[in-house]
Amino acid sequence: MHRTSWKQLSLGGTVLVLVIILPLVVASPFGQHVMILTFMFAMCGVAWTLMGGYAGMFSFGQAAFFGIGAYTSSFLLLTFHVSPWIGLVAGGIIASLLAAAIGYPCSNLRGHYFAIASIAFAEIIHIIFNNWKMVGAAEGLTIPMLKESLANFMFHSSKLPYYYIILAFLLLAVTVCYWVSTSKMGYYFRAIKESHEIAQVLGVDVVRYRLYAIMLSAFLTSMAGTFYAQYILYIDPESVMILAVSVQIVLVAMLGGANTVLGPVVGAAILVPFSEYARAWLGYKGTGFDMIIYGALITVISMYQPNGVWGAITELVRREK
Amino acid sequence: MNAPLLLDVQRVSKYFGGLRANDNISFQVSRGEILSIIGPNGAGKSTLFNCITGFHRLDKGRVLFKGLDITNRKPHVIAKLGAVRTFQIAQVISDMTVLENVMTGGFLRHVRVKDVRLNAEEVLAFTGLMAKRNYNAQALSVSDKKRLEVSMALAMEPELLMLDESMAGLTPVELKEMIELIRKVRGKGITIVVVEHVMEAVMELSDRVIVLNYGRKILEGSPKEVVADREVIRAYLGDRYDAVGQ
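If you read the protein sequences in the order shown, they are chains E and R.
Number 182 in our numbering belongs to position 182 of the first sequence; there are no gaps in the numbering.
Number 357 in our numbering belongs to position 36 of the second sequence; there are no gaps in the numbering.
I should point out that these hints are in silico values taken from the structure, not numbers from a laboratory.
For each residue, glycine too, the CB sits at the ideal point set by N, CA and C.
Just to be clear, a hint being listed does not mean it is correct.
[Claimed, not checked] Pairs of lysine-lysine, DSS-like flavour, derived with a Cα cap of 27 Å:
1. K401(R) / K184(E)
2. K497(R) / K435(R)
3. K505(R) / K545(R)
4. K184(E) / K466(R)
5. K453(R) / K387(R)
6. K184(E) / K395(R)
7. K401(R) / K545(R)
8. K497(R) / K184(E)
9. K7(E) / K133(E)
10. K509(R) / K497(R)
11. K453(R) / K505(R)
12. K453(R) / K184(E)
13. K401(R) / K381(R)
14. K401(R) / K387(R)
15. K545(R) / K509(R)
16. K7(E) / K435(R)
17. K497(R) / K401(R)
18. K497(R) / K387(R)
[Claimed, not checked] What follows is a list of derived Cβ distance ranges for each label pair:
19. G283(E) / N393(R): 13 to 23 Å
20. S462(R) / G111(E): 26 to 36 Å
21. E480(R) / I232(E): 27 to 37 Å
22. T299(E) / L385(R): 57 to 67 Å
23. I313(E) / A446(R): 32 to 42 Å
So that you can see chain E by itself, here it is in the shape it has in the complex (with noise of 0.2 Å):
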């Protein structure tokens, strides 16, 4: 039952205040920094789990599709003087074009070797960016500055810009999101994350609804990409495409909570924070330091909540009840 109550409804309104206004309190560019980046990885979070979470489908492999989403963009600005805008979408439609041709022979792959074969299908385009010259190999791109404007997704005096659009492209994903849970699609994609057959006896045409949680969460996950590489203004495959972030990515939507929409945005606000402070006060010591303890939370949280921060949350709340 996804009926929303005025409660739920002026709740959620409350909160968007609250982190509207947020920034305003904050004022340091790092505190800003580090909510950005939260609320891009809650994106990608989000994105993760129409596709691992509703349909069982484990991608490790997000990185490619945010990658190919910052390349597509920031290739289309240097060499065509394509607007980011432009380059935003048509980076969604490469990388939705291009999980449906890497997913559709993939069809009967579940579980673990699901998992394997993103693994591999990211580290693939990872290796074809580190030696694609017209792309600049391993170099990367240098986004060329331009005059700051909403036009040229481009902003130099101050972060807020970039912090508004992010929170922007994270309520839409949230809103894709809950608008596919709620439909037809979210009850196809949760019967195929429990087993083809029963999918299938129940009408489901598998191999096409998985292509389109692929897809969907492909086209999100390369938007977040094509903003990193706007506000970065940098990129290159060893930032942008590595297992590091496809993990981080996973991270943030499991231990959040991976079967509702809002777990990934808690398990982002919880977990990014958590490592890019840790990182401030203890990673220039270069002990790795900041690292064993960013690991310790991650095993107290799956020890103790293997249904991630939002389950506990809501089982608290129905508890309260």
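Model the placement of chain R on the given structure of chain E, informed by the hints.
Quick look at chain R alone, frame taken from chain E:
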């Protein structure tokens, strides 16, 4: 058989390596009837279901449904045409509620979520699971799971319902209720084919029975004819019992 033909299985064969799981099997089902398929374990009953509903590719033969050739069509296409099946071990979506499970079936015929929910609630009222509509499907007893599976199939508004051992493992009371439910389903004008081991149910329900043994059809007839047949007794109980029985 005056009623129009719904399902026409023509010389179907399915081999697994050297094993002839289904060997040249033909039978027909008319609209509105209840046909039972019986036979000892390994006789090829479930394989036959899989062949008809697109889960196995046939090696030989054809399957016609409503006059359409559905041989080797994909399962979801066959479901959409109106032939829906259940499994020997009840298959439900475990992290959904009972209502959501039935709704998932209903999306085959309705687009709007509201219509799907109304339709699902009607089905649950019909099958007697309405009180448990918000239960988690995983929490149901074996008999309720089987009832849920039938509900999911009914939400798909089938013309042909194929039940694979819906009675297995039920208590006598549950068995009676299930027989009652299947009668009610037929009352809606839905044609039913069951694979069944529970002879009590077969005798009570069936208009016609076909018997499989070692992948071949050895007999077709009324329930009374079938239980009186010597070859059937031999298939189930072996030659010695037959000799003593004489």
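Status of the hints after comparison with the structure:
For the hint linking K401(R) to K184(E), the alpha-carbon distance of about 15 Å falls within 27 Å, and the restraint holds. Proximity of K497(R) to K435(R) is assessed by CA-CA distance (about 34 Å); at most 27 Å being required, the pair is judged violated. A hinted pair counts as satisfied when its Cα atoms are at most 27 Å apart, and K505(R) with K545(R) qualifies at roughly 23 Å. About 22 Å separates the Cα atoms of K184(E) and K466(R), which keeps this hinted pair within 27 Å; it holds.
For the suggested pair K453(R) and K387(R), the alpha carbons sit about 35 Å apart, so the restraint of at most 27 Å is broken. At most 27 Å may separate the alpha-carbon atoms for a hinted pair to count; K184(E) and K395(R) meet this at roughly 20 Å. A hinted pair counts as satisfied when its Cα atoms are at most 27 Å apart, and K401(R) with K545(R) does not qualify at roughly 35 Å. As the CA atoms of K497(R) and K184(E) are separated by approximately 35 Å, the hinted pair breaks the 27 Å bound.
Distance restraint check for K7(E) and K133(E): the Cα-Cα separation of roughly 55 Å exceeds the 27 Å cut-off, and the hinted pair is therefore not satisfied. Between K509(R) and K497(R) the alpha-carbon distance is near 19 Å, which keeps this suggested pair within the 27 Å criterion. Straight-line distance between C-alpha atoms of K453(R) and K505(R) comes to about 20 Å, which keeps the hinted pair within the 27 Å bound. With a C-alpha separation of about 22 Å, the suggested pairing of K453(R) with K184(E) holds against the 27 Å cut-off.
In summary, the hint linking K401(R) to K381(R) is supported, as the alpha carbons are separated by about 24 Å, within the 27 Å threshold. A threshold of 27 Å between alpha carbons decides the hint, and for K401(R) with K387(R) the separation of about 13 Å falls inside it, so the pair holds. Simply put, K545(R) and K509(R) have alpha-carbon atoms about 26 Å apart, close enough for the 27 Å limit, and the pair holds. Using a Cα cut-off of 27 Å, the hinted pair K7(E) and K435(R) holds, with the two alpha carbons roughly 22 Å apart.
For the given pair, K497(R) sits about 31 Å from K401(R) by alpha-carbon distance, which is inconsistent with the 27 Å threshold. For a cut-off of 27 Å, the pair hint linking K497(R) to K387(R) is broken: about 31 Å separates their Cα positions. A beta carbon spacing of about 60 Å between G283(E) and N393(R) contradicts the range 13 to 23 Å that was offered as a hint. About 28 Å separates the C-beta atoms of S462(R) and G111(E), a value consistent with the hinted range of 26 to 36 Å.
For E480(R) and I232(E), the hinted distance range of 27 to 37 Å is not satisfied, since their beta carbons lie about 59 Å from each other. Between T299(E) and L385(R), the C-beta spacing of about 59 Å keeps the proposed range 57 to 67 Å intact. Separated by about 35 Å at the C-beta atoms, I313(E) and A446(R) satisfy the suggested range of 32 to 42 Å.
The structure shown violates the earlier hints numbered 2, 5, 7, 8, 9, 17, 18, 19 and 21.
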